[in-house]
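Novice: Chains as they are written, first to last, in my numbering: chain A, 94 to 423; chain B, 94 to 423; chain C, 94 to 423; chain D, 94 to 423.
Everything labelled a hint here was simulated from the structure, so no lab data went into it. Be aware that one or more of the hints could be misleading.
Since copy identity is lost for identical chains, a pair holds within one copy or between any two.
[Claimed, not checked] Heads up, simulated EDC-like pairs for lysine to aspartate or glutamate below, C-alpha to C-alpha not over 16 Å straight-line:
id : residue 1 : residue 2
1  : 193       : 271
2  : 341       : 374
3  : 208       : 395
Number of protein chains: 4
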Amino acid sequence: MHSGSVKAKKFSVRTDLAVEARELAASGSDQVEGVTVETEETAGIHVTTVNILNELGAERMGKPAGLYVTIESEAMKENDADTHEEIIKLLAQKLGGFNKLGHGAALVVGLGNWKVTPDALGPKVVSKVLVTRHMDSRTLPLDYGLRPVCAIAPGVMGLTGIETAEIIRGVAERVNPEVIIAVDALAARKTSRINATVQMSDTGIKPGAGMGGKRMEINEKNMGAPVIAIGVPTVVDAATLVNDTMDKILAEMTGAVRQGSKFYEMLSKLESEDKYNLITEILNPYEENMFVTPKEVDAVIERLSNIIANAVNISLHPGISASDINRFIS
Amino acid sequence: MHSGSVKAKKFSVRTDLAVEARELAASGSDQVEGVTVETEETAGIHVTTVNILNELGAERMGKPAGLYVTIESEAMKENDADTHEEIIKLLAQKLGGFNKLGHGAALVVGLGNWKVTPDALGPKVVSKVLVTRHMDSRTLPLDYGLRPVCAIAPGVMGLTGIETAEIIRGVAERVNPEVIIAVDALAARKTSRINATVQMSDTGIKPGAGMGGKRMEINEKNMGAPVIAIGVPTVVDAATLVNDTMDKILAEMTGAVRQGSKFYEMLSKLESEDKYNLITEILNPYEENMFVTPKEVDAVIERLSNIIANAVNISLHPGISASDINRFIS
Amino acid sequence: MHSGSVKAKKFSVRTDLAVEARELAASGSDQVEGVTVETEETAGIHVTTVNILNELGAERMGKPAGLYVTIESEAMKENDADTHEEIIKLLAQKLGGFNKLGHGAALVVGLGNWKVTPDALGPKVVSKVLVTRHMDSRTLPLDYGLRPVCAIAPGVMGLTGIETAEIIRGVAERVNPEVIIAVDALAARKTSRINATVQMSDTGIKPGAGMGGKRMEINEKNMGAPVIAIGVPTVVDAATLVNDTMDKILAEMTGAVRQGSKFYEMLSKLESEDKYNLITEILNPYEENMFVTPKEVDAVIERLSNIIANAVNISLHPGISASDINRFIS
Amino acid sequence: MHSGSVKAKKFSVRTDLAVEARELAASGSDQVEGVTVETEETAGIHVTTVNILNELGAERMGKPAGLYVTIESEAMKENDADTHEEIIKLLAQKLGGFNKLGHGAALVVGLGNWKVTPDALGPKVVSKVLVTRHMDSRTLPLDYGLRPVCAIAPGVMGLTGIETAEIIRGVAERVNPEVIIAVDALAARKTSRINATVQMSDTGIKPGAGMGGKRMEINEKNMGAPVIAIGVPTVVDAATLVNDTMDKILAEMTGAVRQGSKFYEMLSKLESEDKYNLITEILNPYEENMFVTPKEVDAVIERLSNIIANAVNISLHPGISASDINRFIS
């Protein structure tokens, strides 16, 4: 989870998810200039491919230009092995579609804090991917179709005292990966997306402008290698929850406040972003630093890390296919 | 954490904390019949002793008759070793003041799920208390002033398939403790109380009316031995956070809505409980099952478990004193 | 792992494994009276079924009368998913062959200390089996063919202060299971058996005569329900390792010592049990309390717990079959 | 723990501990040329300072020239808080005596695998040291006397696919520490030293010649900053245990084999190193990769990590003193 991201949201980053950004950007219309959107649906799994083509689109979306693939399914958070297999296959296929994935050495990075359950997704994925880079030609079954993969869980700044991007950059300089795959737990702007969405993008991860603006982005420019980010919203911040709920309350109360009261006028005039900002301002600094997560979070994170580790193994190694699901999960 | 407790709240249990119950019960007046309240303040640590004297008081408070001691300090959640020592001493002294603590065998029970960070408080305390019951007369340094103490972390029903109270009852029947000390992470009704409050009571723990009303209370009647509960609110439920924030928003907006709008009238007519219930009804079942917790929850739970384990060790064993803080924390 | 078992071995219990007991008992001959032995081999997996028929056999074997099924495969400790599937199927089939498995409520008990890697097998299995007992008729998909299963990890006496058998008995009295399945990490007498053997028996678990002889056995008589024990040797004790190695050294040195030296005579006259006892006497108490385990123990325990949890799920629930492997492993 | 170190030992590295190296090197005489040795004893704590002055000494000792301070106390592995305080003070004082400790930024590195109990020492220390480097001038209480400290637990090659030294080097290049403190669990050559010895040296850590000889040393030359290594032997390898025990058996059997048997002659002619090598050759590859550790290893590692983290905090930060023991242990 991006520490400081909640604070950051107040100023600039609105959401970690491109599908949400698009909803915010497009509100009212169907099109955002400089952005193409495709959707498909397979077996109850919803796939959205957002392509931010240029600077205009990037500005509109508040996100860097690049490819964003989002896979959504309520079954992700359930104990539903059949649909999980479908999701793994779809994830592996979409991940394999990123040109930047390449064919050489890959560095998988598990962001987040393994001591905080909803933030342990990245480290858990790292503990499950098949690493091969340390094997030499005698032990690495090249005929089997394995490429060199290594993996780190760099920890969080509060525990290391080091910016996470700096650790990754330092390791990447030694390892020289052709691609970096960064897995992270995200904050969503809708409670309904929690643990039910995986987003992949080739634009890297922007940990927000928090901490005095000095947080370094984990992207190709800073890391020296392309970064494919895999993110799963596992929490919403406190302000989001309040905001969502208030919207619903207002919708329910429409009858009562419709008669042109000043309060209704004021509320309806608030742009949704302004309302969100109002709420974060009202929350005290301690509350603002809180997150909201479902109670069964431990089991859900276990399942999600399994799904993602399987997809990463299949898409990285030519010799591993969908018939090997759970086979190389240590 | 009581699973199902959020749902339960909607119907009956309003709060796990007696100080909050009193605020709710007393709203407007200073006195609740059948209830005495004393407060003291030492070095920034606030102590409230609520004594529910009879059935009338119990009904008013929505809590069983008995003694409730609450210790509040913002320093609990900070890394402030000096104040922690003061809190440990105060906790040990107040815990030692419960007559039911006795002098014979004690069973410490750590409720909750060690895999979910804010719910791991109980199991963490159990792993830190000094157990002595298995030592025999040769190895147990009786002269040192140790009483027989044993400890279990029974797990949560979702992982065991067994009501937690049943496990404890089963073990208690074998161990025959003179007292059971049950440590649990609670849900608070105010975000400001999170990780800043310890409540001790001799009335046991009521896991709420959830799960079809069949959850068994962990109290003297059901366990066959007095139960002293030690609870720390480590989360609030989603509805509480929304409720708190809406109250603040309404307070800020007073100017805008004062002019007799129907909406304002409606809102101001809502009893606070009704408003809370309205919010929980609007939240969907998934959201309702969410909890809100601060980001640094892992470090905070570590500190809180240390504070409580020290206080338990000091109050149980005559031979351990405040000068032994951290000495028997394994 | 049975704490105190190493010490105990010196006096009475020779090995936790029936196949080893038989080797010791039969040394020289093929038959042990009162004992039948069958072996089969499938796909490199070796199965030995030892039936101790009566008291005579029990005395000869140093183990209670009953059925002992041992499954051996080097592939258990490797990352070999295909053979693991075969092992799971075979385990489930053999476990299903125990008449005492019954059809009613089952209590799965994970013995051992989850904080010590090679001893965490039992607790890890418990965290992976499908528990259903807490579901009511509305949520339990009975048509799917699930029986009521619950599970506990009672911890170890050093951490709880309570004899493990007492905790299980206490819980069993509340739960009234038709069968108890107790999973435990064992000590082997041969390093080659470590992490490569699963033994199932219907005679329960005898934690050894250690701790002043007061350790209670986990068996049908004491628990009030049949106990099927599933054990995996994950360690050898220090004396075993020394003993094994010395035997090999002596074999290698045969040439040098053959010429009737007193030392050779003395060594060759030593019964193997006496030699073992000599070694344990020479080891100091601290060394004696040591165990030997392979370095990659964490990954191996993860795999073994997966194998056993799958086999337990398949054999307990009629509605779960070999095609559901890994499907209900949370 | 150095993976591959057992294998490595067969060829070159004899022991991780300078005190043991000296015993091996000096066997028979009191002096080793090019090496000075001082010993002191305080309150039952034994301190040995070995100074390897030049290349001659380095060759004799099989260790690089530099300062080695070893602190030995049986109390380390016991739950003896008073002696632990004395050990912490002594460790902090000796650590503070290394000139290379400096006064600028420090990087604490916890080597080892947190999933394998006896190898988790380094990562556990890292989780307990006070990190400050990420605090800025506003939040870092400089007046309090804190220097910038950061910390990483790089994992082990089997899980990351990357040589550990490469990860540290990469991070060090970004962080530019004035000193690196590397904490590691070691293998000892005597079972009696397990968990009862801390060695500090300014020569770095040599992970052995294993893995095809390509393991990179963690030292000043390779890391670009001085490396102070803090090592605790938490295991012995299997061959060591056998060797120690055989020596004792031979000593006991002297009477029986004295009469000039060939076997005795052969054994007595074996140099101790040759005997050790003989044993490792007889052990099969799986056994050779085993380690020996005491059963209560989890509690011992917890205590040892506490001792070392306290000593590191006190020696690094001028504003933290012995009166702050356990105060900054998160």
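Novice: Next, verify each hint and record whether it holds.
Specialist: Consistency of the hints with the structure:
1. 193 <-> 271: For residue 193 and residue 271, the Cα distance is within 16 Å only inside one copy (8 Å; across copies 37 Å).
2. 341 <-> 374: between (20 Å within a copy, 11 Å between copies)
3. 208 <-> 395: both (14 Å within a copy, 11 Å between copies)
Checked against the numbered hints above, the structure violates none of them.
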